[in-house]
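Novice: Sequence:
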Amino acid sequence: MTNRVIWIVLDSVGMGPMPDSHAFGDEEPNTLGHIAQAIPGFSLPVMESIGLGNIDGMVGYQPVANPSGAFARMAEFSAGKDTTIGHWEMAGIQTTKPLPTYPNGFGPEIIQEFEARIGRGTLGNKPASGTAIIAELGDEHVATGKPIIYTSADSVFQIAAHETVIPLMELYHMCQIARDMLTGENGVARVIARPFVGTSGTYVRTANRRDFSLKPDTTVLDLLKAAGHSVAAVGKIEDIFAGQGITFAVHTQSNLDGMQQTEACMEKFENGLIFVNLVDFDMKYGHRRDAAAYAAGLSEFDHWLGTFLPKLKPSDLLLITADHGCDPTHKGTDHTREYVPLLMYGKDVTPGTNYGTRSTFADIGQTVAKVFNVGPLKAGIALLPK
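So for the sequence shown, my numbering puts the first residue at 444; every next one is plus one.
What the hints contain is simulated information worked out from the structure, not anything from laboratory work.
Hints should not be assumed to be uniformly reliable.
Claimed, not checked - Computed spacing ranges between beta-carbons, pair by pair:
hint: 1; residue 1: Pro546; residue 2: Thr587; range: 23 to 29 angstroms
hint: 2; residue 1: Lys569; residue 2: Asn651; range: 21 to 27 angstroms
hint: 3; residue 1: Ala735; residue 2: Met624; range: 38 to 44 angstroms
hint: 4; residue 1: Gly548; residue 2: Ser742; range: 35 to 41 angstroms
hint: 5; residue 1: Thr587; residue 2: Gly630; range: 26 to 32 angstroms
hint: 6; residue 1: Met612; residue 2: Gln505; range: 46 to 52 angstroms
hint: 7; residue 1: Ala522; residue 2: Asp791; range: 45 to 51 angstroms
hint: 8; residue 1: Val640; residue 2: Ala559; range: 26 to 32 angstroms
hint: 9; residue 1: Lys821; residue 2: Leu699; range: 35 to 41 angstroms
hint: 10; residue 1: Ala650; residue 2: Gly468; range: 41 to 47 angstroms
hint: 11; residue 1: Ala559; residue 2: Glu606; range: 21 to 27 angstroms
hint: 12; residue 1: Thr587; residue 2: Lys727; range: 27 to 33 angstroms
Claimed, not checked - With a cut-off of at most 20 angstroms between alpha-carbon atoms, the simulated EDC-like pairs for lysine to aspartate or glutamate come out as follows:
hint: 13; residue 1: Lys589; residue 2: Glu579
hint: 14; residue 1: Lys569; residue 2: Glu556
hint: 15; residue 1: Lys711; residue 2: Asp700
hint: 16; residue 1: Lys754; residue 2: Asp791
Beta carbons are placed, not taken as given, at the ideal position from N, Cα and C, and that holds for glycine.
Let the sequences and hints guide you as you build the complete structure.
Specialist: In structure tokens:
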């Protein structure tokens, strides 16, 4: 029987438009499909061998006659296309009311209170690309010490600051102040620290990003922890769940670091859940609309996966999925409302099983709950064990 689950979220690796994608401002997005179209000859042979190309509606990847895993296309039930909403739904929470967004920036009542609490003025206060706004306002920030406030199409309050102007601990403290403020009707999904370094014309963001999320309701992580199972969080999982239901956490500097930390957790934890987020796909490639870099990142993961599969034990279950899309060929720089793939691999998986199109990401969390005999969650249908 399975006693350890390795659950890897390829952040933003969507696979085609949801039926309501137009309602979210998206025009036929397809992160995986459009990358395959943009890069001649592109393939992901290891994931294809598990069943990536066999998923209903998958475009650009080869189906195989005898997949080594099971697979499904996951529809998002919740009203959103955000990291927090996507991960929470996977873990059992369906969000029917969209979290607040600020297409015109934050109201004066929010900004004035924030400035009063941190004791200094602010810059920006508008929707923007993170790299663009530090290029635009970085010099003024360095000269004045005022943090740069911005948002996006997602429910986020982002604070950018140069690490030599506002040290990291002070920036994180500012984020906690904003997090404590932004509740109720203004309860944004995440407050995000966006530190950067460099000089005028060459500012670059660092890996010291930190997310301050709303606290979720009960998730499969809480159920596992309460039952005495280890829950190891790799990457920004700890931030997404505000630390709830987690027994061990390690933050990462890159996708490669995340893969290495996953293997380190395999050595450390012989059972329980290892929950991984690989954020470079979203942060470095999708939002920057860089299809070539996105493809390279996917190839890097696929190559690593080929070395990782032989290290799995018979009692392991591997789940590979995503939380939303971020099509690098799409207009703008925001997330895209898409289906996401699910690949399942392990001894308890019947190879070649096509679970079709699922009605909610919560089927993943319900599956994890069933494997460990906890729950059930309020939403989702378990796919394993049969």
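Novice: Evaluate each hint against the coordinates.
Specialist: Hint-by-hint comparison with the structure:
Distance hint for Pro546 and Thr587: a CB-CB separation of about 26 angstroms, consistent with the stated range 23 to 29 angstroms. Between Lys569 and Asn651 the beta carbons are some 23 angstroms apart, a value that agrees with the proposed interval 21 to 27 angstroms. About 40 angstroms separates the C-beta atoms of Ala735 and Met624, a value consistent with the hinted range of 38 to 44 angstroms. For Gly548 and Ser742, the Cβ-Cβ distance of about 38 angstroms falls inside the hinted range of 35 to 41 angstroms, so the restraint holds.
For the pair Thr587 and Gly630, the supplied restraint of 26 to 32 angstroms holds, since their beta-carbon distance comes to about 30 angstroms. Between Met612 and Gln505, the C-beta spacing of about 49 angstroms keeps the proposed range 46 to 52 angstroms intact. For Ala522 and Asp791, the hinted distance range of 45 to 51 angstroms is not satisfied, since their beta carbons lie about 33 angstroms from each other. Between Val640 and Ala559 the Cβ separation comes to about 28 angstroms, which falls inside the hinted range of 26 to 32 angstroms.
Look at Lys821 against Leu699: about 36 angstroms separates their beta carbons, and that is inside 35 to 41 angstroms. Evaluation of the 41 to 47 angstroms hint for Ala650 and Gly468 yields a failure: the beta carbon distance comes to about 30 angstroms. Separation of Ala559 from Glu606 is about 24 angstroms and conforms to the stated range, judged on CB atoms against 21 to 27 angstroms. Our hint of 27 to 33 angstroms for Thr587 and Lys727 holds, since their Cβ atoms are close to 29 angstroms apart.
Only pairs whose Cα atoms come within 20 angstroms are accepted, and Lys589 paired with Glu579 is accepted, the gap being roughly 14 angstroms. At roughly 17 angstroms between alpha-carbon atoms, Lys569 and Glu556 fall within 20 angstroms of each other, so this suggested pair holds. For the hint pairing Lys711 with Asp700, the CA-to-CA distance comes to about 16 angstroms; that is within 20 angstroms, so the pair holds. Proximity of Lys754 to Asp791 is assessed by CA-CA distance (about 16 angstroms); at most 20 angstroms being required, the pair is judged to hold.
Hints 7 and 10 from the list above are not met by this structure, while the remaining hints are.
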